[in-house]
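Sequences are here, hints too, so could you generate the full structure?
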Amino acid sequence: MCRQWWEHSLNGKTDEAAADFPDLQVFVKDEIENPTARILEYPGKWCGVDDVEGLEQKFVTFYCSSEGGFKLQAEVEQPSSRERAIALNSLQGAWSGEWLSFGGEDMPGNQASEDAIATTWSTGPLNEDIEIVGRPEMSLFVTSDKPQALIMARLSDVSPSGKSTLITRGVVNLSHRHGHKLEQLKHMPIGEHTRIKWQLNACAYTMRAGHTLVLSLTPNYWPMVWPSPEPVELKVSFAEENLIKLPILPDGPSPSKNGVTCPVEEYPLDPGTPSRTISLR
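Residue numbering for the sequence shown follows the UniProt record's numbering, starting at 1 and increasing by one per position.
Accuracy of the hints is not assured; some may be wrong.
Quick list of in silico lysine-lysine cross-link-like pairs, BS3-like style, CA-CA up to 25 Å [claimed, not checked]:
(1) K245 <-> K235
(2) K58 <-> K29
(3) K235 <-> K186
Simulated from the structure, these hints should not be mistaken for laboratory data.
Since the structure is predicted, the reported quantities are computational estimates derived from the model, not experimental observations.
Structure (structure tokens):
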């Protein structure tokens, strides 16, 4: 498929199949029954978007509740003086996997242990599928007791069996809340309520009905993210709304007309036996 596209787009060769490719092709992942640190093949489907310029991105919005089990809910609640601290733990990020995996045991794996030491909100079992395609958007109203801090947000799919699969994640350095240019960098005002907005990494994933969507927040994510200079206490304030927006396509992505296949036969050799151990010293 790549060669067809290059020949058509760069060399000007006529290829009816390549000319018929959609503007955007994405692989929409499906649930993994047993999320481990090594995934040999992802379930899912190839889908296409024919007209990217005319695409109208839509969102499904969930609001963080301040009590009652800390739910992700469709309705925004009334402002209140309640706050919720974002848990700090030195092991946060230990199950992050590698930023760029090369096929070894370096994928995020089951996120249940990571979720257990984070501050979380969850939807409960969904009534219908949600096909997420794009970059989820976070908006939090927070306070910090230190001038430098970060927030890592993760979205996970928890199956009825209790296993947790990472969908996507995104970190914000709070000193960069206004932008990344030198003149935009600014320390957090200590103790002041501040609106923080950022995007998570792009993803394409189908949340199945009966599964639970979990939002996890942490102020630490080592070793993937360099830690803040000193331990920080961050609090989510419910004086204003806190929410996550999930991007969806208006009509959902269409199944790709030109299925992606691998024409090269596989010749498995002696499989490796990689391992990874997390320990405290």
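Hint by hint, here is what the structure shows:
1. K245 <-> K235: At roughly 20 Å apart (the allowed maximum being 25 Å), K235 and K245 satisfy the hint.
2. K58 <-> K29: Holds, at roughly 19 Å.
3. K235 <-> K186: Roughly 19 Å separates the two Cα atoms, so the pair holds.
Violated hints: none; the structure is consistent with every hint.
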